[in-house]
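4 protein chains.
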Amino acid sequence: MTSEEAEAILQEYFAPWIRQLGLRVEEVGERHAIVRLPWSDDLAREGGGLCGQAMMAAADTATVVAISAARGGFVPMTTVQQSTTFQRPVTGKDVLVDVRLTKLGRTLAFADITMRADGGSDITAQATTVYALLA
Amino acid sequence: MTSEEAEAILQEYFAPWIRQLGLRVEEVGERHAIVRLPWSDDLAREGGGLCGQAMMAAADTATVVAISAARGGFVPMTTVQQSTTFQRPVTGKDVLVDVRLTKLGRTLAFADITMRADGGSDITAQATTVYALLA
Amino acid sequence: MTSEEAEAILQEYFAPWIRQLGLRVEEVGERHAIVRLPWSDDLAREGGGLCGQAMMAAADTATVVAISAARGGFVPMTTVQQSTTFQRPVTGKDVLVDVRLTKLGRTLAFADITMRADGGSDITAQATTVYALLA
Amino acid sequence: MTSEEAEAILQEYFAPWIRQLGLRVEEVGERHAIVRLPWSDDLAREGGGLCGQAMMAAADTATVVAISAARGGFVPMTTVQQSTTFQRPVTGKDVLVDVRLTKLGRTLAFADITMRADGGSDITAQATTVYALLA
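Protein chains in written order, with this note's numbering: chain F, 2 to 136; chain W, 2 to 136; chain H, 2 to 136; chain Y, 2 to 136.
Hints should not be assumed to be uniformly reliable.
[To be verified] Heads up, simulated DMTMM-like pairs for lysine to aspartate or glutamate below, C-alpha to C-alpha not over 20 Å straight-line: (1) F/94 with F/47; (2) H/104 with W/123; (3) F/104 with Y/123; (4) Y/104 with F/123; (5) H/104 with W/119; (6) W/94 with W/123; (7) Y/104 with F/119; (8) W/104 with H/119.
[To be verified] Estimated spans, in silico, between C-beta atoms of each pair: (9) H/90 with W/12: 33 to 43 Å; (10) Y/9 with H/79: 27 to 37 Å; (11) F/17 with H/123: 37 to 47 Å; (12) Y/25 with W/74: 46 to 56 Å; (13) Y/108 with W/42: 40 to 50 Å; (14) F/135 with H/136: 13 to 23 Å; (15) W/27 with F/77: 24 to 34 Å; (16) W/20 with F/123: 26 to 36 Å; (17) F/6 with Y/106: 39 to 49 Å.
The hints are simulated quantities; they were obtained by calculation from the structure and are not laboratory data.
Note that beta-carbon positions come from the ideal geometry of N, C-alpha and C, so glycine has one too.
Full structure from sequences and hints, please.
Right under this line is the structure:
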């Protein structure tokens with residue numbers, strides 16, 4: 002799957018409210034994907050930092066992109082569980098959402114997602130997700 | 002704190018993207034809050050169901066409301082960790098987000114959040130959150 | 002299923018290391034179970050408090066008891082995910098592990114587990130678990 | 002801190018029940034540690050696989066080792082939250098528990114823990130932990 006095809010999945014399968022995040026697929030591979038969450042003042046909470054809700058949403062969405070890429074196309078799936086830790090604030094910068102599929106089973110998929118401010122090496126947030134694959 | 006005062010916190014401290022969820026405070030108490038996430042087609046993902054990202058965002062936001070109510074006003078705080086399980090789909094209905102603060106310490110707060118479709122008794126999603134209180 | 006039958010499951014299906022916890026089934030019902038984790042100095046970490054590892058293990062184990070009771074007998078299953086928050090220390094007291102099954106599907110089960118020191122009302126720890134049912 | 006000093010922490014600060022796991026420090030560094038969970042039939046659940054409870058306990062314990070190493074000695078700390086996903090069964094093999102501290106703050110520490118069967122590259126289980134540092 003190319004980044005363009007993965008990008009099309011972002012446009013087609015997600016809620017309008019999620020599309021407002023403006024996520025962009027930077028890279029897709031056999032078992033991983035990198036998605037960019039562009040900075041926007043619409044995502045800034047009191048104090049000016051990027052709201053954690055946008056990072057949780059980006060992690061979930063990026064997992065769907067990675068699983069779709071690994072399966073060669075979108076398959077119906079549903080999030081079973083997501084755990085997220087918030088480690089450092091981000092202000093005024095895009096966030097790169099790096100998803101690695103650690104297990105792609107027949108009915109369950111597991112992912113590890115690390116998020117970093119663009120240009121930074123420190124982890125902003127980390128998530129793990131579990132998905133049920135429905136086809 | 003009254004529901005109106007809690008409602009004002011929703012308007013004042015959250016990102017514009019979160020305010021688009023149209024969350025409404027139904028009830029606040031000493032250690033709990035109930036927040037309504039109104040159904041909107043903008044929150045529907047492929048297949049028509051409410052997107053999980055909106056539920057995660059609502060759980061996080063409702064926790065801030067509950068902690069603020071318990072402290073008698075908004076205090077700076079930051080989400081440390083959120084774990085969410087997604088148990089049943091919701092289509093075409095509001096979701097009631099019920100937050101109970103299970104521990105309100107000096108520097109850390111813990112909450113248990115159950116989400117149900119309006120009028121239903123089955124759990125749609127459950128979350129636990131940990132917050133760091135900065136004042 | 003009676004408490005005695007549930008107790009037999011504890012003896013039969015768990016690792017010897019887990020049986021050393023001395024867990025006892027206090028109550029089983031259609032969608033819940035209460036399991037006692039008896040205080041033991043062998044479970045005390047530096048400082049004298051009950052170690053969190055014992056609480057995580059008890060929550061996991063108690064979920065198996067609750068699912069088995071709901072299904073009318075032990076079925077092969079495997080833990081998919083467990084999230085635990087640790088909220089208050091416990092010293093010198095048993096812990097009551099209260100499991101409610103919030104969803105018992107065909108292939109996945111979800112549980113909410115609250116732990117309290119015997120005689121106390123405050124939550125010591127809370128866990129959520131997701132299980133894959135293999136039969 | 003040397004592996005020997007880290008090993009001494011394992012002996013000194015953990016509950017007798019945890020010491021029965023026979024964990025061994027393989028490696029410690031500025032922001033990471035590798036701990037070995039030796040295979041034992043005492044840790045095998047019904048069906049013969051390593052019980053998940055032992056992996057959760059090892060992940061928690063290994064985090065304490067990594068934080069102590071990073072701080073140059075044991076400091077009082079308490080687990081705030083642990084999330085674990087179980088991805089593949091292990092039978093008859095040691096498990097290597099690889100902890101990376103992703104944030105070591107003044108009052109909170111965050112870790113990412115991956116577990117693999119000795120000699121394997123696939124992930125058996127993954128955990129994230131949050132600790133409160135009390136000194």
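Here is how each hint holds up against the structure:
no., hint, in the structure
1, F/94 with F/47, "holds (16 Å)"
2, H/104 with W/123, "holds (8 Å)"
3, F/104 with Y/123, "holds (8 Å)"
4, Y/104 with F/123, "holds (8 Å)"
5, H/104 with W/119, "holds (18 Å)"
6, W/94 with W/123, "holds (13 Å)"
7, Y/104 with F/119, "holds (18 Å)"
8, W/104 with H/119, "holds (18 Å)"
9, H/90 with W/12: 33 to 43 Å, "holds (39 Å)"
10, Y/9 with H/79: 27 to 37 Å, "holds (35 Å)"
11, F/17 with H/123: 37 to 47 Å, "holds (43 Å)"
12, Y/25 with W/74: 46 to 56 Å, "holds (51 Å)"
13, Y/108 with W/42: 40 to 50 Å, "holds (43 Å)"
14, F/135 with H/136: 13 to 23 Å, "holds (20 Å)"
15, W/27 with F/77: 24 to 34 Å, "holds (33 Å)"
16, W/20 with F/123: 26 to 36 Å, "holds (29 Å)"
17, F/6 with Y/106: 39 to 49 Å, "holds (40 Å)"
Checked against the numbered hints listed earlier, the structure breaks none of them; every hint is satisfied.
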